[in-house]
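Note that the protein sequences, when read in sequence, are chains A and B.
For the first sequence, our numbering assigns the number 1 to the initial residue and increments by one for each residue that follows.
For the second sequence, our numbering assigns the number 1 to the initial residue and increments by one for each residue that follows.
Calculated directly from the structure, the hints in this document are not laboratory data.
We put the beta carbon where it would ideally sit given N, CA and C, even for glycine.
One or more hints might be untrue.
Said to hold, decoys possible - Which bits of chain A does chain B cover? Going by a derived footprint, with three or more residues having C-beta under 8 Å, they are:
#, stretch
1, 80-93
2, 106-113
Stated by the list, open to error - As a list, the in silico DSBU-like pairs of lysine-lysine whose alpha-carbon atoms are at most 30 Å apart:
#, chain 1, residue 1, chain 2, residue 2
3, B, Lys121, B, Lys35
4, B, Lys162, A, Lys198
5, B, Lys121, A, Lys87
6, B, Lys16, A, Lys87
7, B, Lys157, A, Lys198
8, A, Lys87, B, Lys21
9, A, Lys197, B, Lys157
10, A, Lys198, B, Lys202
11, B, Lys162, A, Lys197
12, A, Lys204, B, Lys157
13, A, Lys6, B, Lys202
Claimed, not checked - With the C-beta cut set under 7 Å, the calculated list includes, among others, these residues of chain B facing chain A:
#, residue
14, Glu110
15, Ala182
16, Gly228
Chain by chain, the residues:
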Amino acid sequence: MNWFTKTFSSTIGRKIIMSITGLFLCSFLVVHLIGNLTLFKGDDGVTFNLYSHFMANNPIIRTMEIVLVLGFVFHIYDALVLTRRNKAARPVGYAENHPQENSTWSSRNMGLLGTVILVFLIIHLWNFFVPARFGAAGGLEGVVIENVDYDNLYLKVVQSFQIWWYVLIYVISMIALAYHLIHGFQSAFQSLGLTHKKYTPFIKTFGVVFSIAVCFGFAIIPIYFFFAA
Amino acid sequence: MAGSNPNAKPMDLTLKIWRQKDRNTAGQLVTYPLKNISPDMSFLEMLDVLNEELLVRGEEPVAFDHDCREGICGMCSLFINGRAHGPERGTTTCQLHMRHFNHGDTITIEPWRAAAFPVHKDLIVDRSAFDRIQQAGGYVSVNTGGVPDANEIPIPKTIADKAFDAATCIGCGACVAACKNASAMLFVSAKVSQLAMLPQGKVEAKTRAENMVAQMDVEGFGACSNTGACAAECPVGISLDNIAMLNREYLGAKASSENV
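Chain A extracted, bound-state conformation (with noise of 0.2 Å):
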C-alpha cells in the first residue's frame, strides 16, 4: 500500500472521510430542505414542478448527483468497515455495563440510527427519486405549465402524504436523522481536529441548532399535506 491507501485505511483516516462525507451530506440536506420549501408557495405545485424539472435536467446538478452518490456511499462504506473493527475490538462483552454514566445514547448508536435512515432513504428515492427521474414504479402524470408538459411530482408528493402510515415513517427517519446529526455534526469537526475553545463552544450549539431546524422542516412537509388534504 502506499502512504495515500495506509492513511485512508488506519482508523483514524476512515473516520476523517466519515466526517468530510458527513459534512457534505449536511450541505446535501440544506440545499434539499430549501428547494422543498417551495412546496408551501400555494401555487397549486408550479414553482416546485418547475424546480423539481430544472433539478432533474440541469448538468451541473446531474453532475453533482453523482457526487452526492459517491458520498453515501463512501459514508456508508466506512461506516461498515469501522463496525465491523469496532465489534472484533471487544469479542467478549460486560456481563454488567452502564455507559449512559459516560456518554450520550445517540453517540453509542451512530450505527443503527444511520440503518434507520439508510432504509427511509431507500424508501424515499423508490417513491419520489426513481418515478420523477426514470419514469419507473408507475411514472408519473403530466401537467402542462404555461403550455409546455412537466411531470408533476407535486401531485405525487399531495398523494403520498395522504397515507398515515407513510407521514409516520418520515417523521420517525427524522427524528432518527435529527439523533444522527446532533451527534454526528460535532463530531465531525472533532474527528478532523477542528477543535478550539474560541470555536468548538458555537460548532457543538450550532450543530444542535442545526439538526432540529433541518430536521423539523423536512418532518413538517409530510404532516403538513396530511392535514392539509
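Position chain B against the provided structure of chain A, taking the given hints into account.
Positioned in the frame of chain A, the structure of chain B alone reads:
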C-alpha cells in the same frame, strides 16, 4: 485506625467475580459472600480480605493487578458494577473506598474487555499492547553529551500546562475498557500530544504520530466514535482535546512527512 470513622458500621456484601484459569480457558462469574467489611477499606483491601478467606479455605485466591495503591502507577484496573474503576469519577480502583457501597450490595467485578487486552488470569489482563504503542514512538531521542541547563529552552506556561495535563496519563487502560469500541485513542492521544506540544518532542512529531497510530491499529483496538466515555471514566481526567490534537497531528504527518 487513625482517621477511621467510629460510627461506620461493617457491611456484608455479595461479590460476583470473573474467574478464569488462564488465557486459553473459558471463564465465568463466581459468587462469593463476604461479611464484616469496613467502609474505611479501599476496594483492593476488600479483595485482600476475600483472598485471605479463600486461602484459609484452601481455594485459589482471586488474581488482580495492583502496585502503588496511591492512584499514580496505573496498575490497578477492574470493571466494577458496569463502570471502569467503579462508580466514582476521577478515581482509580485503589483509591475507591467501600463507603461508596452499601450493606447488602451485590458487586460485579470484571476484567477490562478488549481483544487487545487478553485476560491472563481472573481479573488480570495483558496490557503490553500499550507498551508496544509507546515503543513505536512515545519517546524523545536524545544524543548523549553534557547535561543541558534546566529551562534552557523557553516554553510558554500555557503550553507547559497542557503538555503536563496530557503527561498525567497513567496508562491504566480505563479508556479502552469504557469505550464501546475498545478504542485506545485517548491513551495514544495523550502520549502523542504530550510530546508534540513541547519543542523537544516536535523534532520527531511526524514519525511519532504515524508510528504510534499504526501500532494502535495493529494491536486491534477499535476506532474513535467521539462518545466521550473514555474521558468521563479516565481516573486522571485526560481531555478529549488530546484526541482532536492526535487527529490533527496524524493527518498533518501523513500529508507532509518524509515516509512515502
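Hints and how they fare:
| no. | hint | in the structure |
| --- | --- | --- |
| 1 | 80-93 | holds (count 9) |
| 2 | 106-113 | holds (count 3) |
| 3 | B/Lys121 - B/Lys35 | holds, 25 Å |
| 4 | B/Lys162 - A/Lys198 | holds, 16 Å |
| 5 | B/Lys121 - A/Lys87 | holds, 23 Å |
| 6 | B/Lys16 - A/Lys87 | holds, 25 Å |
| 7 | B/Lys157 - A/Lys198 | holds, 19 Å |
| 8 | A/Lys87 - B/Lys21 | holds, 25 Å |
| 9 | A/Lys197 - B/Lys157 | holds, 17 Å |
| 10 | A/Lys198 - B/Lys202 | holds, 24 Å |
| 11 | B/Lys162 - A/Lys197 | holds, 13 Å |
| 12 | A/Lys204 - B/Lys157 | holds, 28 Å |
| 13 | A/Lys6 - B/Lys202 | holds, 23 Å |
| 14 | Glu110 | holds, 6 Å |
| 15 | Ala182 | holds, 4 Å |
| 16 | Gly228 | holds, 6 Å |
This entry satisfies every hint, going by the numbered hints stated previously.
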